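Chemist: With the hints as a guide, bring the two chains together.
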Amino acid sequence: MTNSCRSDAIIQEIITALKHKPGALLPILHAIQNALGYIPATGVPIIANMLNLSRAEIHGVISFYHYFRDTPPGKHTIHLCRAESCQAMGGKLLENHVKTKLGIDFHETTADDQFSLEPVYCLGNCACSPAMQIDGEIYGRVSAASFDASINELESLA
Amino acid sequence: MSIRIYVPCDSSAISLGANRVAKAITLEAQRRGIAIDLVRNGSRGLFWLEPLIEIETPAGRIAYGPVQVSNVSALFDADFHHGGAHKLALGLTEELHYLKRQQRLTFARAGKTDPVNLDDYIKHDGYRGLQNALKLAPQDIVKAVTDSGLRGRGGAAFPTGIKWNTVLNTPAEQKYILCNADEGDSGTFSDRMVMEGDPFVLIEGMTIAGLTVGANQGYIYLRVEYPHAHKALNTAIDKAYAAGYLGNNILSSGKTFHLEVRLGAGAYICGEETSLMESLEGKRGLVRFKPPLPAVKGLFGQPTVVNNVISLASVPIILDKGGDYYRDFGMGRSRGTLPLQLAGNLKHTGLVELAFGTTLRELLYDFGGGSASGRPIKAVQVGGPLGAYLPESQFDTPLDYEAFAAIWAVLGHGGVVAFDDTVDMAEMARYSMAFCAIESCGKCTPCRIGSTRGTEVIDDIIKGRELNKNIPLLRDLCNTLLNGSLCALGGMTPYPVLSALNHFPEDFGITDEADAA
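So the sequence lines, in the order shown, correspond to chains A and B.
Here the first sequence is numbered in my numbering, starting from 1 and rising by one per residue.
Here the second sequence is numbered in my numbering, starting from 159 and rising by one per residue.
Don't read these hints as lab results, they were simulated from the structure.
A quick note: this is a predicted structure, and the numbers were derived from the prediction, not measured.
Ideal placement from N, C-alpha and C gives every residue a C-beta, glycine not left out.
Treat the hints with care, as some may be off.
[Said to hold, decoys possible] Simulated coverage check for chain B against chain A, where a stretch passes if three residues somewhere in it have a Cβ under 8 Å from a Cβ of chain A:
#1 170-178
#2 335-344
#3 377-390
#4 435-449
#5 494-505
#6 577-584
[Claimed, not checked] A short, non-exhaustive set of chain A residues, derived as facing chain B with CB atoms under 10 Å:
#7 L51
#8 G60
#9 H66
#10 M89
#11 P119
#12 Y139
Here chain B stands alone, though its shape is the one from the complex (with noise of 0.2 Å):
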């Protein structure tokens, strides 16, 4: 019998290696005449460990990482297909540490299955949440969703169940689903893991949306810096119609759902969901005012949902385990699992799926295992590049949406990003006011003009010019960006700016507490 070897095709550790270290295990066993079967399957999430590959043996998958070109003869000669030991052996890979302390629901079969086989998919729990959804009545499925306590992941954390019911209830001759995969929060990258690594939990979850609010077409706007994804929805949703779990007759059930990948163009603001609707009708993705809701009047003038991939992704378990099996994660009113992702000046960065509550502190060094340079961490900015960075004195602060916004930070979209103590935050708070002038879409005047008269404000503060004059001016600015923008770019802008200048006042020149405040 082959022996079955898994080598992933995320691309992350494909940027490692991935590819060549698969190329060399196939020449290498076909050289020493051993029979393999080689799976490129999603990736664990571990990425200090990427490329982590692994073998299929009676007691359970055993994991060798990371692995490099290099190594592969020395690992054939350690009988590596068996299990055999070698200096990169790490264990069975359902017991590593990094593994076994995480509650995965959007992520359980993540790592495991070859993304684009729907047999493996169907084998490992896929499509049971649609089975379930195709029994019950539109406002059951959404009262699932709803009990679940779903919130958006994109960052906004709007509950899931009740945009929905908005949608459900409007009445209109055609409606949309649309997933925002346009993932652009620095930082993040959980999106990117389930469309590569799991795409049929998102088509799933995107089908039973469609049939619940009456939808039958759905998008994916996916941005195009993430090619890999692009090829694994696209070979997935191949599948998936070919299987009837899209089409005209879903499942014989004589429901129709129709989906299609829509590729953005490097534009950040796209992921703004107004502002995508905009660019997937083929426009400058120009922010929309606000109501109509999407809701009410989204895509082509239409009642759209438009969800985050992991929002989407979650879903399916929800429908197949029950809304209640997925509540009972999380604390206060942040329920469920969010997919963090530990990203930066980290030893063990990676993905790691958890009920809401843990610290931000376990997270970076149980987790993360500390800084990968090995110096203190100072700063970490949670939720992309429109977060707040928080110091070290907030590090015991819980992962869950209200415990965040009480000490004015976002937990955005589950990124986390650590900078050492060799960071300048006055330089970071400039990268955040200069970033917002390079993406902004120009609709609006704070904004548009605010960002680019802050970055040459940080500029006279780091140069020490009239500290008591620019440093309230900055925060004047700040002022008229957080409550004049259209947006979240604008408006958030000053989440980084102002914490950095809060936490960090020396990086800024400032010696006296009294000029901070």
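Looking at chain A on its own, in the form it has when it is part of the complex (with noise of 0.2 Å):
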């Protein structure tokens, strides 16, 4: 079976499994990233024509929320806040460390398909700013060099 072909039989069994629930589109589109990394374009027909929605509704609800994405992710997802009460701790130059240690801007993967990088709007972790979460981990008062701390235990894991 090829990749896509296994994405798509993924696809379907989790839309099978979540289709009776009420506004089940978030619960689908957050198994299949879960599950796939990203909801990729094959899949948005296989939606809209299990839940009889037309292919425009699906694209338009993916794209509509920041935290949906149509390509796969690198290795490990940072979520930068960029919120007032980090900007109020230095945010602003670890967005700048953190942009050219890794050498790609918001939205982007690294080369070596490591680390994407994506900007979040408050973590709550505002008491311990600035913050940031990677793989859904949390991490509070984050200094440039704890950042490369962080990020080289990761590479080292690999």
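Modeler: Written as structure tokens, this is what we have:
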């Protein structure tokens, strides 16, 4: 089975399991992204067909929400907070450091597919600014040095 | 007997290393052959001391913090597990100045209990509100909530009792309780702390709301940025079902209430109640026109109570101790307590639950300890990204909905973000406009286009281009956003923008007072 066939099968399975829920589309999209890391374009007609919606509607929902992505992410996804509290504690400088260190801008993935960088507007960790999340794990009072240490640790585990 | 040690599982504590500390304590205790009972409690909300660990002693719980893995061995050497002296020892937790001066009603249990232990919850007065509610007629529950003076803690401050009454009196086969847990406002984290630190209180509050208005289904719309809260809520909901506190026959009363958590997907606008409902229905989060009110025609077209986490989590204590008890806290028309969140450039960041009426200055200096950087505090944004920036001259304003409205500011969800004098307020104003452009749902023109044009105008102002034309243009644009937007995103973005301009004109290159007017 090709990769794309396999992901189509996973998508169908997910939809079958969740389509009975009222307002099932977001739970379905979350489940697909959890399973595959993103929502592939080939999934859109499958979802549309199985939920009896138009492809435009499905695409509209996927593109409306910042969290959903239609391209594969890197091995690790870094969500860096850009909101006010983090700005008050040097978030801008940290942002510059992170971009330089990784050599990418927001919404990009490093050439070796290790890291994707996404902005986030508040992680609710404002008492420990600046904050970031890597693969769902949260980090507080992040400095340039502690960021480098976290990244190096993840790379050494690879 | 084993020694009980508490290490918080709150995500802010985890962000500072609490999981590693918990593991190190377990290993060190094993190595030394000491029997311990490690409890992962919620956070007390003193974040400059996190990870704050506590030891249960006959005299009460003794706190140590901030504890790092490197301290663990020395703490055992100092006999900390019997309350021994150590440089990180803080004394009895309950006596900590920061905590002792608070009036914790909604957060009465947070930090004391294991958040997902139902027995612990019940032992600490949990489910007493529901027990009382089951004995009351719906009208009497609404009366208690109305009498308490509770107003929506999400930011809009609409009286909760009136909202409930509307849903109660709107006949329908199906009604819903919808908890707005899309805590997108930057600088706020009290919803997260409730959900991670005391999830049963939210479940209890929603159950009471359901029984009151005749809704048998509840949803918690939770932001995806809160994975720890998601886990805690789902665990607590499973336990509540297993013990008969949720389901088809709640505590053998014959009443039904079901509850499910739904995840958002990173759209700030979905914290707006009508956008939230669209999202939960599986659509793009476009804001709806009002009327019809959600209380009449809400989720899936049915009457729906939409309340913030803190509003719903405040209901159990009102039903337990009575509306009068809650109303006796506070001032003017702002009754009860508000959990404030101290964030940004402050020495002592954390959660401070107080009766309304304390001044911002007391909060910033007595609790917050002044700026973390040691420089003067220049501006404070209260109430999230759509809240006004307050200069030092307004720090004596009491924390009260009406007092804040009188100075063209908002209390919002109680977030307080401090900036020292290195902040450039023109940059902050630009950020607010740019944020609005990124997060606009796109339905109404003032917000969709005005925010982009606003960012451009502020860019010109920052570059010093034609201030005499661009400043009035920015004001005019803000006026359009303020009066012409469909919801609070466009309608309130002018608050941070204009307050920055009005209070800090020098940051916009305005030297002559007349230009600023």
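Chemist: Run every hint past the structure and note whether it holds.
Modeler: These are the hints, each one checked on the structure:
Residues of the stretch 170-178 of chain B with a Cβ under 8 Å from some Cβ of chain A number 4, which satisfies the need for three, so the listed coverage holds. With 4 residues having a Cβ less than 8 Å from any Cβ of chain A, the stretch 335-344 of chain B passes the three-residue criterion, so the hint holds. As drawn, the stretch 377-390 of chain B meets chain A at 5 residues by the rule of a beta-carbon pair under 8 Å; at three or more, the given contact holds. Three residues within the 8 Å Cβ limit are the bar, and the stretch 435-449 of chain B against chain A gives 7, so the coverage statement holds.
Check on the stretch 494-505 of chain B: 5 of its residues sit with their Cβ under 8 Å from a Cβ of chain A, so the three-residue criterion for coverage holds. Check result for the stretch 577-584 of chain B against chain A: holds, 3 residues qualifying (beta carbon to beta carbon below 8 Å, three or more required). Taking 10 Å as the C-beta contact cut-off toward chain B, the hint placing L51 of chain A at the interface holds, the least distance being around 8 Å. Given the 10 Å rule on beta carbons, the hint for G60 of chain A holds: about 5 Å separates it from the nearest Cβ of chain B.
Look at H66 of chain A: its Cβ gets to within about 4 Å of chain B, closer than 10 Å, so that hint holds up. The interface hint given for M89 of chain A is met, as the beta carbon of that residue sits about 6 Å from the closest beta carbon of chain B, less than 10 Å. Of the supplied interface hints, the one on P119 of chain A holds, with its beta-carbon coming within about 9 Å of a beta-carbon of chain B, less than 10 Å. Below 10 Å, beta-carbon pairs count as interface contacts, and Y139 of chain A has one with chain B at about 5 Å; its hint therefore holds.
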